[in-house]
Amino acid sequence: DAKTTQPPSMDCAEGRAANLPCNHSTISGNEYVYWYRQIHSQGPQYIIHGLKNNETNEMASLIITEDRKSSTLILPHATLRDTAVYYCIVRVAGFGNEKLTFGTGTRLTIIP
Amino acid sequence: GAGVSQSPSNKVTEKGKDVELRCDPISGHTALYWYRQSLGQGLEFLIYFQGNSAPDKSGLPSDRFSAERTGGSVSTLTIQRTQQEDSAVYLCASSLVSGWGTPLSSGNTIYFGEGSWLTVV
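As they're listed, the protein sequences go chains U and P.
Sequential numbering of the first sequence, starting at 2, is according to this note's numbering.
Sequential numbering of the second sequence, starting at 921, is according to this note's numbering.
Because the hints were derived from the structure by calculation, they are not lab data.
Worth double-checking, as some hints may not be accurate.
[What the hints assert, rightly or not] Listing some non-contacts, in silico: residues in chain U with all C-beta distances to chain P over 10 Å:
hint, residue
1, Lys4
2, Glu15
3, Gly16
4, Ser26
5, Asn55
6, Thr57
7, Arg69
8, Leu81
9, Gly104
10, Thr110
11, Ile112
[Claimed, not checked] Subject to a maximum C-alpha distance of 25 Å in a straight line, what follows is the list of computed SDA-like cross-link-like pairs (lysine to any residue):
hint, chain 1, residue 1, chain 2, residue 2
12, U, Lys100, P, Leu959
13, U, Lys4, P, Ser993
14, P, Lys937, P, Gln1003
15, U, Lys4, P, Ser978
16, P, Lys931, U, Gln46
17, U, Lys70, U, Gly30
18, U, Lys100, P, Glu964
19, U, Lys70, U, Asp12
20, U, Lys100, P, Ser925
21, P, Lys977, U, Gln43
22, P, Lys977, U, Glu99
23, U, Lys53, U, Asp68
24, P, Lys977, U, Thr102
25, P, Lys931, U, Ile40
26, U, Lys100, P, Asp944
27, P, Lys977, U, Gly104
28, U, Lys100, P, Ser993
Just so you know, even glycine gets a beta-carbon here, dropped at the ideal spot from N, CA and C.
Taking the hints into account, I'd like the entire structure generated from these sequences.
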């Protein structure tokens, strides 16, 4: 019973920005939004996380709406190696050990 | 090591045999998780360890599955009397633990290993 909704698949042209949406309308005030990706069946790779402010790191940007009911992961210049399944996950801020509950994610395909 | 290490990376076993999968978490990480992913399916939580607390076994699919964590570090997932439906990649992950409600930092991120591919024939 994942608490997020994502489109099952998306395409993006190589070199363009990939914008992956996620709905989390039932998110609680103490829940963070996390993004992971999984290439083939390798172990999931952490991308970014945030609470309510927009976040940016070397991999991506995370835009969270003011009401926190949705967010967008932005890969600014997509490459072929960004082809993967992207998971949006909400995680409560407890002790920092709360497990992740994965949904079905978005399969992003980067088109040459 | 720098990341979560799992062994073996691949294992083929005959139906009915027992298998053990090993996980070495990132040094200093007190929380350890096991997940599995069947072909074409999502990630399924199995079990979670945190320090000396009783493990959260709520995701184990049957009593054929068990796991232990010795000395708060290395963990072993054991599957007894393997069945063909046990074929999957078994993923281990670890994280640091901080105080209740403190802002989740990158230090609390859950990091995954590359998994152990299990094929039951």
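Evaluated hints:
no. : hint                   : in the structure
1   : Lys4                   : 14 Å, holds
2   : Glu15                  : 26 Å, holds
3   : Gly16                  : 28 Å, holds
4   : Ser26                  : 21 Å, holds
5   : Asn55                  : 16 Å, holds
6   : Thr57                  : 13 Å, holds
7   : Arg69                  : 15 Å, holds
8   : Leu81                  : 21 Å, holds
9   : Gly104                 : 7 Å, violated
10  : Thr110                 : 16 Å, holds
11  : Ile112                 : 22 Å, holds
12  : U:Lys100 <-> P:Leu959  : 22 Å, holds
13  : U:Lys4 <-> P:Ser993    : 31 Å, violated
14  : P:Lys937 <-> P:Gln1003 : 9 Å, holds
15  : U:Lys4 <-> P:Ser978    : 19 Å, holds
16  : P:Lys931 <-> U:Gln46   : 23 Å, holds
17  : U:Lys70 <-> U:Gly30    : 11 Å, holds
18  : U:Lys100 <-> P:Glu964  : 11 Å, holds
19  : U:Lys70 <-> U:Asp12    : 24 Å, holds
20  : U:Lys100 <-> P:Ser925  : 19 Å, holds
21  : P:Lys977 <-> U:Gln43   : 24 Å, holds
22  : P:Lys977 <-> U:Glu99   : 14 Å, holds
23  : U:Lys53 <-> U:Asp68    : 9 Å, holds
24  : P:Lys977 <-> U:Thr102  : 15 Å, holds
25  : P:Lys931 <-> U:Ile40   : 21 Å, holds
26  : U:Lys100 <-> P:Asp944  : 18 Å, holds
27  : P:Lys977 <-> U:Gly104  : 20 Å, holds
28  : U:Lys100 <-> P:Ser993  : 18 Å, holds
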